[in-house]
Amino acid sequence: MFFPDSFEVSLPSDREIQITRDFDARRGLVFDAFTKPELVRRWLLGPPGWTMPLCEIDLRVGGAYRYVWRSEKDGSQMAVGGVFREVTPLERLVASEKFDDAWYPGEALDTTVFVETRGITRTTITVLYESREARDAARRSGMEYGMAAGYDRLEALLPTLTGGPA
Amino acid sequence: MTFAALANPTRRAILARLVSGEVSVNELAEPFSMSQPAVSRHLKVLERAGLISSGSDAQRRPRKLEARPLGEATAWLETYREYWETSFVRLDGLLSELKATERKRERVARRKR
Numbered sequence: 001m002f003f004p005d006s007f008e009v010s011l012p013s014d015r016e017i018q019i020t021r022d023f024d025a026r027r028g029l030v031f032d033a034f035t036k037p038e039l040v041r042r043w044l045l046g047p048p049g050w051t052m053p054l055c056e057i058d059l060r061v062g063g064a065y066r067y068v069w070r071s072e073k074d075g076s077q078m079a080v081g082g083v084f085r086e087v088t089p090l091e092r093l094v095a096s097e098k099f100d101d102a103w104y105p106g107e108a109l110d111t112t113v114f115v116e117t118r119g120i121t122r123t124t125i126t127v128l129y130e131s132r133e134a135r136d137a138a139r140r141s142g143m144e145y146g147m148a149a150g151y152d153r154l155e156a157l158l159p160t161l162t163g164g165p166a
Numbered sequence: 001m002t003f004a005a006l007a008n009p010t011r012r013a014i015l016a017r018l019v020s021g022e023v024s025v026n027e028l029a030e031p032f033s034m035s036q037p038a039v040s041r042h043l044k045v046l047e048r049a050g051l052i053s054s055g056s057d058a059q060r061r062p063r064k065l066e067a068r069p070l071g072e073a074t075a076w077l078e079t080y081r082e083y084w085e086t087s088f089v090r091l092d093g094l095l096s097e098l099k100a101t102e103r104k105r106e107r108v109a110r111r112k113r
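The listed protein sequences derive, respectively, from chains U and D.
Anchor point for the first sequence: position 114 equals 114 in the numbering used here, and the numbering is continuous, going up by one each time.
Anchor point for the second sequence: position 55 equals 55 in the numbering used here, and the numbering is continuous, going up by one each time.
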């Protein structure tokens, strides 16, 4: 069973972006899928048409991680890395996040929490930026990537916005 | 600021109402069974976020949509959603596979015992 409807993106504060999703698997498996390079490489592939040639994770406090994605179309690359600040196996990860071509000032802090209820694992990722300006800059870049479709979709999106949760 | 403005269901409903054209504060207040000052407060938030502006009629001061910032905000959220959702659907598939492997391993272990 899959729970695509459990997926939520929210903005809990001026500096944060939060993503929540339920997975039909025990916490141990979900935790592995987020922390073992050979597993991460199979799902965290970036935008369509991109691959993940490099995925390194040194899962311990002070250990580093590094992800590199490459566009198969034009060979351009995107890379992010950081250091683990907190590692509580199966439960909680806190790590810094900095993209090579950082388009937002400073580092962001990613907190990932796994909570299992009756075999279903709710995963919550919270990205905390250094400032509202940084979050907005990160936001704008993601926006450019989807801009082409954006304006056309405005009208189609409005009903969704109206009906959606606060 | 755009997102704080969009975070409120009443404000989203006001925006949806404005899709059809300019609407006065009075007309906006009606369907929400809300006082005019309350609606005005929501309008001020939307105005500060650049999502709406005052129309040409100085007497009625109707409000109208500013499509560009709203389009940018919604486009970003949708793109972000799509990006993660695609990844998470792949993760769903991977987890099913891991569960199947685990079950198989357990069956083999039981047989060995």
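It is worth saying that the hints were derived from the structure and are not from the lab.
Misleading hints may appear alongside valid ones.
Heads up, incomplete: computed chain D residues facing chain U, CB under 7 Å, no partners named [said to hold, decoys possible]: (1) E30; (2) M34; (3) V45; (4) R81; (5) W84; (6) F88; (7) R90; (8) L94; (9) L95; (10) T101.
Below are the DSSO-like pairs computed for lysine-lysine, each with C-alpha atoms no more than 27 Å apart in a straight line [as the list claims (entries may be wrong)]: (11) D:K44 - D:K64; (12) D:K104 - U:K36; (13) D:K112 - D:K99; (14) U:K36 - D:K44; (15) U:K73 - U:K98.
Think of the CB as a built atom: it goes at the ideal place given N, C-alpha and C, for glycine as much as any other residue.
Here's how the hints hold up against the structure:
A least Cβ separation of about 16 Å between E30 (chain D) and chain U goes past the 7 Å threshold, and the interface hint is therefore violated. Among the interface hints, the one on M34 (chain D) is violated; its C-beta lies about 16 Å from the nearest C-beta in chain U, farther than the 7 Å criterion. For V45 (chain D), the interface hint is violated, the least distance from its beta-carbon to any beta-carbon of chain U being 14 Å, above 7 Å. Against a cut-off of 7 Å between C-beta atoms, the interface hint on R81 (chain D) holds, since the closest Cβ of chain U lies about 5 Å away.
At a threshold of 7 Å, the smallest CB-CB gap from W84 (chain D) to chain U is about 6 Å, leaving the interface hint in force. Proximity of F88 (chain D) to chain U holds as hinted, the smallest CB-CB distance being about 5 Å (cut-off 7 Å). Against a cut-off of 7 Å between C-beta atoms, the interface hint on R90 (chain D) holds, since the closest Cβ of chain U lies about 4 Å away. With a cut of 7 Å, the hint placing L94 (chain D) at the interface with chain U holds, because the nearest CB-to-CB distance is about 5 Å.
A hinted interface residue such as L95 (chain D) counts as satisfied when its beta carbon comes closer than 7 Å to some beta carbon of chain U; here the least separation is about 4 Å, so the hint holds. Given hint, T101 (chain D) at the interface with chain U, is violated; its Cβ is 10 Å from that chain's nearest Cβ, farther than 7 Å. The hinted pair formed by K44 (chain D) and K64 (chain D) meets the criterion: a straight-line CA distance of about 13 Å does not exceed 27 Å. Under the criterion of a C-alpha separation no larger than 27 Å, the hint pairing K104 (chain D) with K36 (chain U) is consistent with the structure, at around 21 Å.
With a C-alpha separation of about 20 Å, the suggested pair K112 (chain D) and K99 (chain D) falls inside the 27 Å cut-off, and the hint holds. Using a Cα cut-off of 27 Å, the hinted pair K36 (chain U) and K44 (chain D) is violated, with the two alpha carbons roughly 48 Å apart. The hinted pair formed by K73 (chain U) and K98 (chain U) meets the criterion: a straight-line CA distance of about 24 Å does not exceed 27 Å.
The structure shown violates the earlier hints numbered 1, 2, 3, 10, 14.
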